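Enquirer: Here are the chains, one letter per residue:
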Amino acid sequence: DAGITQSPRHKVTETGTPVTLRCHQTENHRYMYWYRQDPGHGLRLIHYSYGVKDTDKGEVSDGYSVSRSKTEDFLLTLESATSSQTSVYFCAISESRIYEQYFGPGTRLTVT
Amino acid sequence: AQKITQTQPGMFVQEKEAVTLDCTYDTSDPSYGLFWYKQPSSGEMIFLIYQGSYDQQNATEGRYSLNFQKARKSANLVISASQLGDSAMYFCAMRVMTGNQFYFGTGTSLTVIP
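Listed in order, the protein sequences are those of chains V and F. For the first sequence, counting from 1, position 89 maps to 89 in my numbering; every step adds exactly one. For the second sequence, counting from 1, position 15 maps to 15 in my numbering; every step adds exactly one.
FYI, nobody ran anything at the bench for these hints, they're computed from the structure. Remember, predicted model here, so these are calculated numbers, not experimental data. It cannot be assumed that every hint is accurate.
Examples of chain V residues toward chain F, derived with CB under 8 Å [said to hold, decoys possible]:
id	residue
1	Glu14
2	Gly40
3	Ile98
4	Gln101
5	Pro105
Residues from chain F that keep clear of chain V, each with C-beta distances beyond 10 Å, as calculated [claimed, not checked]:
id	residue
6	Gln14
7	Glu15
8	Ser82
9	Gln101
10	Gly105
By construction, the Cβ of each residue, glycine as well, lies at the ideal position given by its N, Cα and C atoms.
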């Protein structure tokens, strides 16, 4: 199994509070991704990174920011959480842009 | 625009039988990859199989095979000899070479009946 961890695994927060989710990998893969999974939508890309300090937006990036200061860590921040951001968040890594992605265990976030 | 379509929200199969999960895709990029993932009730996403757009033969991985029909833009997953542990959500995904993004379908829920 690819070495990917996500923290926290579960979080309940209130509307308007900032939240940071962490993805940590031990595989030294260049590419890292953040997805959200919602019923009826499958997985949708929020942001991705193709190297340290190199990031780009996905299809549902509004309300989210990311940072990658080290190869192994990719942080997803909700600056001011809203109820519409209640979801399961997955981090994924890929050795190359053409290879399969491997996913972390997910973080269940509830915004009340 | 890139798109993945899975039209079967739910499927049932008898144990030991084969089942086909449908996936169609849309892209104008001539170079792309197609993937299938399994998500059991425990929630993790498990990579199953990959097919490249220039691959001449259909991909196979154990009991999984990908029925790739390029002209029809379909990439159906075939699971042979279904097992109870195959009960899960299955997602089809596509990667085009001009970008860094994966595009996922909405998934098919497979239930294997004893």
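Enquirer: If you test the structure against every hint from before, which numbers come out violated?
Expert: 1, 9, 10
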